[in-house]
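Read off the chains here:
2 protein chains.
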Amino acid sequence: MIYEDIDVGTGLALGTHRFSAEEIRRFALAYDPQSFHVDEAAAKSGPFGAICASGWHTASAMMGLLARHFGRLAERARAAGREPVAPGPSPGFDDLKWLRPVYADDAVTFTGTILAKRESASRPAWGLVSIETVGVNQDGQPVFSITAHVFVARRPGGG
Amino acid sequence: MIYEDIDVGTGLALGTHRFSAEEIRRFALAYDPQSFHVDEAAAKSGPFGAICASGWHTASAMMGLLARHFGRLAERARAAGREPVAPGPSPGFDDLKWLRPVYADDAVTFTGTILAKRESASRPAWGLVSIETVGVNQDGQPVFSITAHVFVARRPGGG
Numbered sequence: 331m332i333y334e335d336i337d338v339g340t341g342l343a344l345g346t347h348r349f350s351a352e353e354i355r356r357f358a359l360a361y362d363p364q365s366f367h368v369d370e371a372a373a374k375s376g377p378f379g380a381i382c383a384s385g386w387h388t389a390s391a392m393m394g395l396l397a398r399h400f401g402r403l404a405e406r407a408r409a410a411g412r413e414p415v416a417p418g419p420s421p422g423f424d425d426l427k428w429l430r431p432v433y434a435d436d437a438v439t440f441t442g443t444i445l446a447k448r449e450s451a452s453r454p455a456w457g458l459v460s461i462e463t464v465g466v467n468q469d470g471q472p473v474f475s476i477t478a479h480v481f482v483a484r485r486p487g488g489g
Numbered sequence: 331m332i333y334e335d336i337d338v339g340t341g342l343a344l345g346t347h348r349f350s351a352e353e354i355r356r357f358a359l360a361y362d363p364q365s366f367h368v369d370e371a372a373a374k375s376g377p378f379g380a381i382c383a384s385g386w387h388t389a390s391a392m393m394g395l396l397a398r399h400f401g402r403l404a405e406r407a408r409a410a411g412r413e414p415v416a417p418g419p420s421p422g423f424d425d426l427k428w429l430r431p432v433y434a435d436d437a438v439t440f441t442g443t444i445l446a447k448r449e450s451a452s453r454p455a456w457g458l459v460s461i462e463t464v465g466v467n468q469d470g471q472p473v474f475s476i477t478a479h480v481f482v483a484r485r486p487g488g489g
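Sequences listed follow chains G and S, in order.
For the first sequence, my numbering assigns the number 331 to the initial residue and increments by one for each residue that follows.
For the second sequence, my numbering assigns the number 331 to the initial residue and increments by one for each residue that follows.
Okay, chain G solo, but in the shape it has when bound (with noise of 0.2 Å):
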């Protein structure tokens, strides 16, 4: 993935990641122990009705499926011979939100779209992308949204 080569406007498809509920419940246990998200019977009585996934788990696995995503577009550059870019650090992210709960065994697929690209002033190797990511459940209702910030190599030389 070179800076040169993206397209403001482009499409990105990442994929759907399936909430388990053994999924749901091991990540809140480490990392968001909230009843809701981990007792069943406190669910049926708590503010969502069911057990959901802890945001910081959808967040994360919208992570998982755009590493992944990258790493696909490495495999494709080096399959053309060509030397494969990996994207470089993140400085952080705008706009996350959390539009519904997701259930367990909710199949949330993910899509990205290129908003905006600029050359870094402080890093002259490298550009900054953004990245708005929205998640939409099985029955076409969005969940989560954010807008991420990628530093992506430019090309040596330029052009």
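Treat the hints with care, as some may be off.
Any copy will do: because identical chains look the same in the list, a pair fits if it lies in one copy or spans two.
Claimed, not checked - Only pairs whose alpha carbons sit at most 20 Å apart, straight line, appear in this in silico EDC-like list of lysine to aspartate or glutamate: (1) K374 / E353; (2) K427 / E334; (3) K374 / E352; (4) K374 / E413; (5) K427 / D469; (6) K374 / D424; (7) K427 / E462; (8) K447 / D335; (9) K427 / D369; (10) K427 / E405; (11) K374 / D425; (12) K427 / D335; (13) K447 / D435.
Quick caveat, the hints were computed from the structure, so don't treat them as lab data.
Dock chain S against chain G, hints included.
Chain S only, in chain G's frame:
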């Protein structure tokens, strides 16, 4: 935790999370399999110089400590003969910043500050509380910050 008892400006000591190499790798293999999180050799020549935690791992560790802090407040209320009130869901977070890498064996101490509170117009039983959370490593360097928005139940009948 009751909305009316929360004072803007209050500090919260959330605790410390130690990021073992094993946990960094386990989280990243599931949710962020980029080479600088999972592959020692690749990480050495990568942007951070060594394996470091996924930013989502750092955020999730913060959430784990925040949820346990809420749990301790509930236990204290129960011990004092009061009905514990769990915080409600969060509509989202703002200003997620990864300020420095979190390396293997780093111990990150998270503290919170109550930034603001306001009654919810749409949900009269709840107030919305904003908490700024900062994570600082064992060398005193900030590595992470975020502002959380959490729904907190209001006292029935008010006051």
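Now for the hints, and whether the structure bears them out:
Proximity of K374 to E353 under the C-alpha cut-off of 20 Å is restricted to the intra-copy arrangement: shortest distance 19 Å within a copy versus 31 Å between copies. Proximity of K427 and E334 under a CA criterion of 20 Å is satisfied in neither setting, with 30 Å inside one chain copy and 26 Å between copies. Taking CA atoms no more than 20 Å apart as the test, K374 paired with E352 passes inside one copy only; the shortest distance there is 17 Å, against 35 Å between copies. For a Cα distance limit of 20 Å, the shortest separation of K374 from E413 across copies, 19 Å, qualifies, whereas the shortest one inside one copy, 52 Å, does not.
In this assembly of identical chains, K427 and D469 lie within 20 Å of each other by CA distance solely inside one copy; the values are 18 Å within and 33 Å between copies. Taking the shortest alpha-carbon separations for K374 and D424, neither the intra-copy value of 32 Å nor the inter-copy value of 29 Å comes in at or below 20 Å. Proximity of K427 to E462 under the C-alpha cut-off of 20 Å is found in both arrangements, the shortest distances being 12 Å within a copy and 17 Å between copies. Taking the closest pair of Cα atoms, K447 and D335 come within 20 Å of each other only inside a single copy of the chain (11 Å); across copies the shortest separation is 45 Å, beyond that limit.
Proximity of K427 to D369 under the C-alpha cut-off of 20 Å is found in neither arrangement, the shortest distances being 24 Å within a copy and 31 Å between copies. Taking identical chains as interchangeable, the C-alpha atoms of K427 and E405 are never at most 20 Å apart, the minima being 32 Å within one chain and 30 Å between chains. In the homo-oligomer, the alpha carbons of K374 and D425 never lie at most 20 Å apart, since the shortest distance is 29 Å inside one protomer and 32 Å across protomers. Taking CA atoms no more than 20 Å apart as the test, K427 paired with D335 passes in neither setting, with 29 Å inside one copy and 27 Å between copies.
Taking the closest pair of Cα atoms, K447 and D435 never come within 20 Å of each other, the shortest separation being 36 Å inside a single copy and 35 Å across copies.
Violated hints, in rising order: 2, 6, 9, 10, 11, 12, 13; the structure is consistent with all others.
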